[in-house]
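Hey, can you work out the whole structure from these sequences and the hints?
Each residue of the sequence shown is one higher than the one before, counting from 0 in numbering that gives the first Met the number 0.
It is worth saying that the hints were derived from the structure and are not from the lab.
Source: prediction; values computed, not measured.
We put the CB at the ideal spot given by N, CA and C, even for glycine.
Incorrect hints may appear among the rest.
For lysine to aspartate or glutamate, the following EDC-like pairs were computed, each having C-alpha atoms within a straight-line distance of at most 20 Å [unchecked claim]:
#, residue 1, residue 2
1, 108, 18
2, 108, 65
3, 99, 65
4, 51, 18
5, 108, 90
Computed Cβ-Cβ distance ranges for the label pairs, DEER-style [said to hold, decoys possible]:
#, residue 1, residue 2, range
6, 20, 97, 25 to 31 Å
7, 32, 72, 22 to 28 Å
8, 49, 96, 27 to 33 Å
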Amino acid sequence: MKSSKQKKAGLLQPLPVPEQPWQVVSLDFITGLPPTTSGHDAILVVIYKFSKMVHFIPTHTTARTEETAQLFVRHIIPQHGIPTTLISDRDPKFTSKFWKELMSLLRTKLAMSSAYHPQTDGQTERLNHCGQP
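Structure (C-alpha cells):
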C-alpha cells in the first residue's frame with residue numbers, strides 16, 4: 000500500500016461573528032425556479048450575518064454581473080449602507096473583474112468561499128436549501 004503524498008485536510012475555520020449589524024453580508028442565488036408572471040426565475044439571497052436578516056430579491060438566471068450589482072446597490076445599500084465584507088461562493092457573477100472593481104470602489108472586502116466547500120457559508124446554503132423543492 001502506497002502512502003498518500005497529499006496533505007491532510009485542515010480543520011474548518013469558522014468565520015468570525017460580526018461585531019455590528021450590517022458589517023458582514025453573504026450573497027448567493029436560488030435558481031431553477033419556475034418563472035413568475037414577470038419572468039423572474041431566480042432569487043438573489045442577501046443575509047446579514049450579525050442579525051441573520053434576509054433579503055430575497057427576484058432576478059433572472061441569465062442576469063449579467065452588472066445587473067446583479069445594480070440589484071445589490073438598489074435594494075440593499077439604501078436600506079443598510081455599504082457592508083465592510085461580502086461573502087459569496089465562486090459564482091462567475093461574483094468573481095468577475097466588474098464585481099471586484101465595484102467592491103473596491105465601495106471599499107468592501109470580497110471574501111470567497113473555498114472551491115467545492117459550500118460549508119464556508121453554511122448559513123446561506125442552509126437557507127437556500129429550505130426554499131428549494
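Supplied distance hint 22 to 28 Å, evaluated on CB atoms of residue 32 and residue 72: Since residue 32 and residue 72 have Cβ atoms about 23 Å apart, the given range 22 to 28 Å holds.
Range hint compliance [Cβ, residue 20 to residue 97, 25 to 31 Å]: 28 Å, holds
Pairwise hint evaluation, residue 65 against residue 99, where the allowed Cα distance is 20 Å at most: Answer holds: residue 99 to residue 65 is near 11 Å, not above 20 Å.
Residue 96 and residue 49 - C-beta distance against the hinted 27 to 33 Å: 30 Å, holds
Given pair status - residue 18, residue 108, alpha carbons within 20 Å: 16 Å, holds
Holds or violated: residue 51 to residue 18, with C-alpha atoms at most 20 Å apart: 13 Å, holds
Residue 108 paired with residue 65 [C-alpha distance capped at 20 Å]: Since the Cα atoms of residue 108 and residue 65 sit roughly 18 Å apart, the hinted pair holds (cutoff 20 Å).
Residue 108 paired with residue 90 [C-alpha distance capped at 20 Å]: 16 Å, holds
Checked against the numbered hints above, the structure breaks none of them.
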